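Novice: Chain by chain, the residues run as shown.
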Amino acid sequence: MKLTVKIKRYNPEKDTAPHWQSYEVPAEPLDSALALLLHIKWHIDGTLTFRKSCAHGICGSDAMQINGENKLACSILVQDIVKGDGDTITFAPLPGSPVIKDLVIDQTRFFEKYRAVMPWLINNTPPPEKERIQSPEDFDLIEDATKCIMCGACTHSCPSTWADPDYLGPAAMLKAYRYTLDTRDEGSDERLGVVDSKEGLWKCYTIFNCVQACPKEIDITRWLSALKRKSVTARL
Amino acid sequence: MIFSHDVVIVGAGGAGLMAALYAKEGGADVAVVSKLHPLRSHTGAAQGGIGAALGNEEEDNWLWHTFDTVKGSDYLGDQDAIEIMCKDAPRTIIELEHYGVPFSRNKQGKISQRRFGGHTRNFGEAAVRRACHAADRTGHAIMHTLYDQCTRQGVRFYDEYQVLDLIMTPDGACNGAVAYEILTGEVHTFHSKIVCMATGGYGRAFKTTSNAHAGTGDGLAMVLRNGLPLEDMEFVQFHPTGLYRLGILITEGARGEGGILRNNDGERFMERYAPTVKDLAPRDLVSQCMYKEIRAGRGINGKEHLYLDMTHVGEEVLLKKLPEITIFSRTYMGVDPITEPIPVAPTCHYAMGGIPTNFNSQVETGNREAIVPGLYAAGECACVSVHGANRLGTNSLLDLVVFGRRAGMAMAQEIEERRRERKLPLPDAPEKRTRDMLEAILSRTEGEPVVNVRTDLQQSMMDNVSVFRNDETLSTAVADMEGLRQRARNVVVRDKGKAFNTELMDAVEIDFMVDYAEAIAAGAHHRTESRGAHSREDYDKRNDDEWLKHTIYQSDCEGNFEFSYKDVVITRFQPKERKY
Ligand SMILES: Cc1cc2nc3c(=O)[nH]c(=O)nc-3n(C[C@H](O)[C@H](O)[C@H](O)COP(=O)(O)OP(=O)(O)OC[C@H]3O[C@@H](n4cnc5c(N)ncnc54)[C@H](O)[C@@H]3O)c2cc1C
Ligand code: FES
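Protein sequences appear in the order of chains A and X.
Oh and the first sequence: position 188 is 188 in my numbering, straight run, nothing missing.
With the second sequence counted from 1, adding 1000 to any position gets you my numbering.
Honestly, I wouldn't trust all of these hints.
[What the hints assert, rightly or not] Below 30 Å or equal to it, Euclidean Cα-Cα: the simulated DSS-like pairs (lysine-lysine) are:
hint, chain 1, residue 1, chain 2, residue 2
1, X, K1107, A, K230
2, X, K1087, X, K1292
3, A, K228, X, K1320
4, A, K6, X, K1207
5, X, K1087, X, K1576
6, A, K2, X, K1303
7, X, K1496, X, K1207
[Stated by the list, open to error] A short list of chain X residues far from chain A (calculated; beta carbon distances all over 12 Å):
hint, residue
8, N1122
9, C1150
10, I1338
Derived from the structure by calculation, the hints contain no laboratory data.
Keep in mind that this is a model prediction, so the values were computed, not measured.
Positions of the beta carbon are idealized from the N, C-alpha and C atoms, including for glycine.
Could you put together the complete structure from these sequences and hints?
Specialist: Structure representation (C-alpha cells):
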C-alpha cells in the first residue's frame, strides 16, 4: 500500500517556525513506523532527522508523537495505525521540550530531572560477601519500574509537565520509586526529600497519560501512588 | 575546541561505563564520549543473561566455566584470559548486585540462574544453570545501573559526540581523539593521556542482524586507519534465533528455559547433531545445523527459516522469565509464542574479533610484547581473546564488565604513575584529516546516496561471508570491497547543514564499514580451515597444525592488506575434537 506520511519539520538553520511536510511512502502492514521514516531519509529526503538505534523498543531513542500519541516509532506497526491504502500518518516531536531539529528534541531538562532524584542505590551498610538477599516478592515490587527505558514518552505526555517545566515528571519519579522501594536501598529519606515536594509527587494528579504513553506498559501511576503513600508514612 | 582530560573513553555501553567507573574511582579525570546517549547503547538490548559459576541453583565451578568457554571457542580463545574472566565472574556479578542491578531472584532470594548454550557441568556432562539474568532484559538492567553509578560518581559525559579519528604522536602513542559534535556540527579535539575504545560491534555490516543501527564498528576502522592491526576478524557469530527476516533477537535463554528448534517435519533436529546438549549446543553449531536443515529442504514450508517452539514451556515461564521476547514475537511477527511456534533464522550477532588487547585491556601492536602507548580497548570492539572462534552466550556481558573494569583500573594506575608528566603534545592540525573528510562529503553534489552502497555491502557480506563460506564466495566478497570503497568515498548527502546532521554521519559510517568488512572477508578467505563460527565448505575440518593461531590483519585501507599471526595461549586444556 501507499501511505501519506506527514511530518512536522523544523530546521533551526533555516526555519523560523515548524511546518508540515508530506511524503508518499510505500508500506507493508508489518512495517514499523520507524521503517517509514527510514524509507524517507534513505530514499527520498536525507535531511529528515530523527534519533533511532535498536529498532526494537529497548534503547528509547525514537519516542515521538505519532498520530497525536507518544509512541516509539520502532515499536508500532503500520497495521496498528492505519486502515489501508492512502491513509495518512503524522509524525511530530514529543511535546513539551525544545525541538532541536525535526523529530529530535532537547532532553537536557529531562535528564537533569533524572539526576535530581538520586537515581542510584544508596546503602552505606557494608555489603555481605555474597549478594544481598531479596525475595522474589520484594523483587516483584520494583521489577515493573526497572523496565523503564528513559525514552521520555511519559514525561512528555503529562499535562502537569507541560504546565510546569520544573515538575520532576513521571520518568524521574518512577526512577525514584525503583530505588526507594528496592529492599536493598537505605536512601529513602534523602530521595523522598526531593520527590515529596511541590515540584514532585504532589503535582501528579493521576491523569494516567503517562501510563497510556509508556511503550513498556509500566503501571507508572500505580507506582507513583505507592511512592506518595511511602512519603506520607515517612513523614509520620 | 580542545577538551582536555586524563582519560577519554569512546563509547558508553557496558564496557565504556564500567571502564569509566573504575578509572574515575581510581582518581583519574575521565570523559566518556559517545555518539549515542549512553542509555541508547546496544548493551541495553542484551537479553538472556550474564555467566558466572555462582552455583545458586546447582553445583557449579569456575573451572567448568573456563573449560566450556575454551571448548566453545574451538580452542582459539587464550586460556589465560579466559581463566581470568571465569574466575573473576562470581565476584563481578556480586559487585553488580551491590551496585543495585535488579537481577531476577530464586526462591531463596539469591540471583536466579538459568541454562544457556554450551554451558555445562563437570566438563561437558550436562547443561548447567549459570546464566544470571534480569528476566530477559539483563543488559538493560546492568547498563542502566552502571549509568546510574556513573551519574553518582559524576563521570563527565559528552553525549552525541561521534569520534572520527584517533590522535597519534609520531612515536606511535595515542594522545587523543577527534570528535564531531552532532548537535552543532563542530569538530573538536580531545587531548588526553589515554584513550580507551569501547565502540561495540559491527553487525550492521550484514543484511540481517540483531545489532542496532548504531552498530557500525567505527572504532575498528579508526584503529586500522591509524596503522594498527585487528585480530581474528574472520570470526563472526550468527545467532541461531533471529526473528525471520527481521533479525531481531530471541535470546538463547528461550532454549535455556526449554524451547526447542523444529524443522518442517516437526522434528527436534538438534538431537541428531548434538545428542548430549541438543538445542543448547553452542551457537556456531546450531546456526550451521539450521542452514543444513534448510538446505536439505526441511525449512518451514520451503522457506529459509525454522521454528522455535515454546508452546510446551507454558505461559507462566514466558511471561515471567521471557516477557520481552514474548512481546517482540507478538509485535513484530504477529505470533504468540504461548500458542504458536516462532519463525526463526540465524542473524548476525557478535564480533569475536577486534582490536587486540592484553589482560589489562591495553592495545597490542600485533605481538604480545608490544603495546600501543596510551591506547586501551574493551568490550565487543576488543579481542583479548576470550571468545576465540565462537563466543558462548552470556560471556559478552561478562567480558564487558570484567575487562571494562580491568581497563578502568589499569588506566587509573597509569594516570597515577604519569601524574607529573604532561600530556604528549598534539600534532599540528590534529583535526585536519577529519575536517577534510567531512568537507569532501558536504561539498560533493553528485554521487549516489549512502543507502545504495550500504545495501550492496550488507548484501555481499550476507551472501558471501555468513554462516557457510568458500573460496568462491570469499573471493567475490573481497573483490566487491574495492568497488564499494570507491562508491563509499563518493556518496552524496542532501543535508548540508551543521545542526544534527545524521546523514553526514551515515556517510562517514559507510566509509568506515568498507575497511573492517574487508578485514572480515579477507580474513575469512585467508583462513583455510573450519573453526567455530568460521565454516569453510572447501576446508571443512579444523586444522590445528596450521591454524591454531590468531590472525593479525593490517591494511592501508586502500585495498592492500597483510596477515601475520599470534600464538594461542594454551594452559589447562589441550585442543580436542569438539562434540556436544
Ligand atoms: C540483541 C542482543 C542480545 C544480546 N544478549 C546478550 C546476552 O544475553 N548476554 C551476553 O553476554 N551478551 C549478549 N549480547 C552481546 C552483548 O550485548 C554485546 O556484545 C555488548 O553489549 C557490547 O557492549 P559494548 O559496551 O562493547 O558496546 P555497546 O553497548 O554496543 O556500546 C557501544 C558504544 O560505543 C559508542 N560508539 C560507537 N561508535 C562511536 C563513535 N564513532 N564515536 C563515539 N561513540 C561511539 C556508542 O554510542 C555506544 O555507546 C547481545 C547482543 C545483542 C545484539
Ligand atoms: S530505536 Fe530503540 S527504542 Fe526505538
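Novice: Are the hints correct? Go through all of them and say.
Specialist: These are the hints, each one checked on the structure:
Annotation: proposed proximity of K1107/X to K230/A holds, straight-line Cα distance about 26 Å (limit 30 Å). Distance restraint check for K1087/X and K1292/X: the Cα-Cα separation of roughly 36 Å exceeds the 30 Å cut-off, and the hinted pair is therefore not satisfied. A distance of roughly 27 Å separates the Cα atoms of K228/A and K1320/X; the hinted pair therefore holds under the 30 Å criterion. Distance check on the hinted pair: K6/A and K1207/X sit about 29 Å apart at the alpha-carbon level, within 30 Å; holds.
At most 30 Å may separate the alpha-carbon atoms for a hinted pair to count; K1087/X and K1576/X meet this at roughly 22 Å. Distance restraint check for K2/A and K1303/X: the Cα-Cα separation of roughly 27 Å lies within the 30 Å cut-off, and the hinted pair is therefore satisfied. For the hint linking K1496/X to K1207/X, the alpha-carbon distance of about 28 Å falls within 30 Å, and the restraint holds. For N1122/X, the requirement that its beta carbon stay farther than 12 Å from each beta carbon of chain A is met, with the minimum near 23 Å.
Non-interface call for C1150/X relative to chain A: violated, since the shortest CB-CB distance, roughly 9 Å, does not exceed 12 Å. Chain A leaves I1338/X outside its interface by the beta-carbon criterion, the shortest separation being 17 Å against a cut-off of 12 Å.
Violated hints, in rising order: 2 and 9; the structure is consistent with all others.
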